[in-house]
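The residues making up each chain are set out below.
Number of protein chains: 2
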Amino acid sequence: MTAPSPTAAVLVIGDEILSGRTRDTNSGHIAAFLTEIGIDLREIRVVPDVEDRIVAALDALRAANTYVFTTGGIGPTHDDITADAVATAFGVAIAHHPDAIEILRQHYVTPEELTEARLRMARIPVGATLIDNPVSKAPGFHIGNVFVMAGVPKIMQAMLLNVEKELTGGVPVQSVTVDCPFGEGVIGTALADVAKAHPAVSIGSYPILAARNFSTKLVIRSREPAALTAATAAVEAMLATIARDKAGDSTLTDY
Amino acid sequence: MTAPSPTAAVLVIGDEILSGRTRDTNSGHIAAFLTEIGIDLREIRVVPDVEDRIVAALDALRAANTYVFTTGGIGPTHDDITADAVATAFGVAIAHHPDAIEILRQHYVTPEELTEARLRMARIPVGATLIDNPVSKAPGFHIGNVFVMAGVPKIMQAMLLNVEKELTGGVPVQSVTVDCPFGEGVIGTALADVAKAHPAVSIGSYPILAARNFSTKLVIRSREPAALTAATAAVEAMLATIARDKAGDSTLTDY
Numbered sequence: 002m003t004a005p006s007p008t009a010a011v012l013v014i015g016d017e018i019l020s021g022r023t024r025d026t027n028s029g030h031i032a033a034f035l036t037e038i039g040i041d042l043r044e045i046r047v048v049p050d051v052e053d054r055i056v057a058a059l060d061a062l063r064a065a066n067t068y069v070f071t072t073g074g075i076g077p078t079h080d081d082i083t084a085d086a087v088a089t090a091f092g093v094a095i096a097h098h099p100d101a102i103e104i105l106r107q108h109y110v111t112p113e114e115l116t117e118a119r120l121r122m123a124r125i126p127v128g129a130t131l132i133d134n135p136v137s138k139a140p141g142f143h144i145g146n147v148f149v150m151a152g153v154p155k156i157m158q159a160m161l162l163n164v165e166k167e168l169t170g171g172v173p174v175q176s177v178t179v180d181c182p183f184g185e186g187v188i189g190t191a192l193a194d195v196a197k198a199h200p201a202v203s204i205g206s207y208p209i210l211a212a213r214n215f216s217t218k219l220v221i222r223s224r225e226p227a228a229l230t231a232a233t234a235a236v237e238a239m240l241a242t243i244a245r246d247k248a249g250d251s252t253l254t255d256y
Numbered sequence: 002m003t004a005p006s007p008t009a010a011v012l013v014i015g016d017e018i019l020s021g022r023t024r025d026t027n028s029g030h031i032a033a034f035l036t037e038i039g040i041d042l043r044e045i046r047v048v049p050d051v052e053d054r055i056v057a058a059l060d061a062l063r064a065a066n067t068y069v070f071t072t073g074g075i076g077p078t079h080d081d082i083t084a085d086a087v088a089t090a091f092g093v094a095i096a097h098h099p100d101a102i103e104i105l106r107q108h109y110v111t112p113e114e115l116t117e118a119r120l121r122m123a124r125i126p127v128g129a130t131l132i133d134n135p136v137s138k139a140p141g142f143h144i145g146n147v148f149v150m151a152g153v154p155k156i157m158q159a160m161l162l163n164v165e166k167e168l169t170g171g172v173p174v175q176s177v178t179v180d181c182p183f184g185e186g187v188i189g190t191a192l193a194d195v196a197k198a199h200p201a202v203s204i205g206s207y208p209i210l211a212a213r214n215f216s217t218k219l220v221i222r223s224r225e226p227a228a229l230t231a232a233t234a235a236v237e238a239m240l241a242t243i244a245r246d247k248a249g250d251s252t253l254t255d256y
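Protein chains in written order, with our numbering: chain U, 2 to 256; chain R, 2 to 256.
Mixed in with the good hints there might be a few duds.
If several chains are the same, the list does not tell them apart, and a pair holds so long as it fits within one copy or across any two.
Computed cross-link-like contacts, DMTMM-like style, restricted to lysine to aspartate or glutamate with a CA-CA straight-line distance of at most 20 angstroms [said to hold, decoys possible]:
#1 Lys197 / Asp85
#2 Lys138 / Asp250
#3 Lys247 / Glu117
#4 Lys138 / Glu103
No lab work stands behind these hints: they were computed from the structure.
Produce the entire structure from the sequences given, and follow the hints as far as they go.
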C-alpha cells in the first residue's frame with residue numbers, strides 16, 4: 002500500500018471559455034503536469050468573471066483538496082477580478098505589493114509606461130507570496146493552498162514550472178495503454194472481470210471511432226508496478242481469448 | 002430590457018480528462034452551441050468516474066441551472082457509471098428500457114452480438130426519455146433538466162443536435178470583436194471607463210501573445226443590438242485616441 006496522495010483542483014476563470022469563444026487548454030496542461038509528479042487532480046471547474054462565483058468555487062475546492070490552481074483574471078483590465086476574489090475568499094485585504102511594484106518598475110521604466118492599469122497587476126492579497134513570471138513580468142501569487150496564475154497559456158506554463166518547487170508530490174501513477182482492436186461492447190464483460198480481479202489498478206476503457214469502426218484504448222493505471230504488470234498481462238490474455246473465440250463475429254468493430 | 006435567459010451547466014465525467022491523457026473538447030463544443038441559441042453556460046465541471054462525486058456535482062448543477070448537459074460514462078464497460086449516478090441523484094430505479102433494448106436489437110441481431118456488455122447500454126433511469134444516437138445506436142437520455150450524452154465527440158455532437166428541439170433558448174448574445182494592436186496595460190484604464198459607461202454590454206479583454214509582443218482582442222457582448230453598436234463605437238474611438246496620444250510609447254505592445 003502507498004501513502005495517501007496529495008490532491009488538487011483546477012479553477013478556470015473566464016467568460017470567454019463559457020461562451021465557447023476560447024477553448025481552455027490550461028486545465029489539460031496542468032492535469033498532465035500533476036499526473037507526472039504524483040498529485041491526483043480531482044476536479045476542474047470553469048466559472049465566469051463574477052466575484053461571488055469565483056469565491057464560492059475557491060472555497061469549495063480549497064477545502065476539499067491539497068492544492069488549488071487557478072488560471073485567468075489577473076491582468077490589467079476591468080474584467081480581471083481574480084485577485085480581489087481570492088482576497089475575499091481568504092478574508093484578507095488586497096494592496097499593492099512592494100515587490101510586485103518593483104518588478105513592474107524595472108520593466109516599465111517611466112511613469113507613462115507604468116500605467117494605472119499595469120499597476121493594478123501589483124495588487125496582491127495581503128500575506129500572499131509572488132509567483133515569478135518570466136514572460137511578461139506581472140507576477141502570479143500563492144496564498145494558503147491556492148496558486149493563482151495567468152490565463153495566457155505561455156505565461157501560465159512558465160508560472161507552473163516556478164510553482165513546482167513549492168509542491169509536495171506523491172508516488173506517480175504509472176500507466177500502460179493497450180490498443181484493443183474491438184469495440185467496447187465486445188470486451189466489456191470480460192474486462193469487468195479483469196478489473197474486479199485486479200483491485201490495485203484502475204482500468205479505463207476509451208472508445209475510438211474512426212470512419213465507422215470502433216476500437217478501444219485500454220488504460221491500466223496504478224502506483225504499484227507489480228500490480229500494473231499483472232493486470233496488463235491479464236488484459237492481454239483476455240484480448241487473445243476474445244480474438245480466438247470471436248473470430249468472424251461481424252460486430253467486432255461495432256460499439 | 003430582456004427577459005431572464007435560460008442557464009446551463011456542463012458536467013464532464015471521466016478520469017481520462019483529469020489525468021491529462023485526453024483533452025476535453027466536448028465542453029467547448031457545447032459552450033458554442035448554447036451561445037448560439039441564447040442559453041447562458043454558467044459553469045463547467047469535470048469529475049472522476051466516482052459515483053458520489055458525480056451525484057454531488059449533478060445535484061449542485063441541476064439545482065442552480067435551467068439545464069445540465071453531461072458527457073461521458075454511458076458506454077458498455079465497467080467504468081461507465083453515469084446512468085447509475087443519475088438514477089441515484091434523482092432517487093429513481095434503473096432498468097433496461099424496452100425502447101433502448103429494441104434499438105440495440107435492430108443493430109445487434111444475434112444473441113452473440115447483443116452481448117451482456119452492450120445490453121448494459123439499455124440501462125436507463127426509470128422515467129427518462131431516450132436521446133437518439135445516429136452514430137452508434139446506444140441512446141443517451143433526458144431526465145428532469147439533465148441531458149446525458151456520450152463522451153465520444155462525434156456521438157455527443159449528434160446527440161446534441163437531437164436535444165436542441167427540447168430546449169427553450171433565449172435571445173442570443175451578439176458579439177463584436179475589435180482587434181486592438183496594443184497590450185492590455187496600455188488600454189486598461191480607458192477601457193474600464195468605456196465599460197462603466199455602457200452597462201448593457203459586457204466587454205471582455207483577452208491578451209494575445211505572439212513572439213514577444215502583446216496585442217488584445219476586445220469582445221463586446223450584449224443581447225441589445227443598439228447597445229452593442231454604441232459600445233463598439235466607443236471602443237473604437239478610445240483606441241483611435243490612444244493611437245494618437247501614445248504614438249512613440251515603446252511599451253505599446255508590452256503587457
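Q) Which holds for Lys247 with Glu117 at a C-alpha limit of 20 angstroms: within a copy, between copies, both or neither? A) between (71 angstroms within a copy, 15 angstroms between copies)
Q) Given identical chains, is Lys197 near Asp85, meaning Cα to Cα at most 20 angstroms, within a copy, between copies, both, or neither? A) between (48 angstroms within a copy, 18 angstroms between copies)
Q | Intra- versus inter-copy proximity for Asp250 and Lys138 (alpha-carbon distance at most 20 angstroms) | A | between (61 angstroms within a copy, 18 angstroms between copies)
Q: State whether the alpha carbon distance between Lys138 and Glu103 is at most 20 angstroms within one copy, between copies, both, or neither.
A: within (10 angstroms within a copy, 62 angstroms between copies)
Going down the numbered hints, you'll see the structure goes against none, and every one checks out.
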